[in-house]
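1 is the number of the first residue of the sequence shown in our numbering; add one for each residue after it.
Note that these hints are calculated values from the structure, not bench results.
Mixed in with the good hints, there may be bad ones.
What the hints assert, rightly or not - Here are the computed lysine-lysine pairs in the BS3-like style, where the Cα-Cα straight-line distance is at most 27 Å:
#1 K103 to K178
#2 K39 to K103
#3 K178 to K39
#4 K52 to K2
Source: prediction; values computed, not measured.
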Amino acid sequence: MKRALYVIPVLLFAALVFVFFDSLRGPPPDQLPSALIDKPAPRVALPPLDAKVAGFTSADLAAGHVTVVNFFASWCAPCRDEAPMLAALARVSGVTLYGLVYKDTPQKARAFLDDVGNPFQRIDIDTGGRAGIDWGIYGVPETFVIDGRGIVRDRFAGPLTPQALRDEILPAIAVAAKAG
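Work out the full structure, taking the sequences as your base and the hints as a guide.
This is the structure in structure tokens:
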């Protein structure tokens, strides 16, 4: 009987560990669908990064042109890796590229952009992370394609690569351009 008093807690702990470990299985965040697809982009009312660049609002996302919004941060190593792809995306005709700094400081974000280059036409800063919650991001970088009416047409989680740009982002931009 005394032995059962020692074995039962160990078995309960092992069962609890199994349940928690099993809950970790599932698709990685970059393969989870976004609840925003084909819905209006979340409201944006954030300050601009600094005095060197203009910010953007919800009205800018529904201004009649395709917009790509990229969430990034200075502390994000993959954000540094995707910088050349964002520079290439900024040169795509008919696309407006906006940046949203996530959980960072203006000084560190500005230093990051000075180092890797600034492909963004406008940049907002979300120091507290509330906009990230509204947009349903899992981390940075994440990129959203928005049509001219402010409807989210695609979400890409993770750093943009040449393949991601070719196979997902550019086709999503084409769909967004036809949608309005």
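Consistency of the hints with the structure:
Distance hint between K103 and K178 is unfulfilled; the C-alpha atoms sit about 34 Å from each other, more than 27 Å. Between the alpha carbons of K39 and K103 the distance comes to roughly 25 Å, so the proposed pair stays at or under 27 Å and holds. A C-alpha spacing of about 16 Å is found between K178 and K39, which places the hinted pair at or below 27 Å, so the restraint holds. Annotation: proposed proximity of K52 to K2 is violated, straight-line Cα distance about 72 Å (limit 27 Å).
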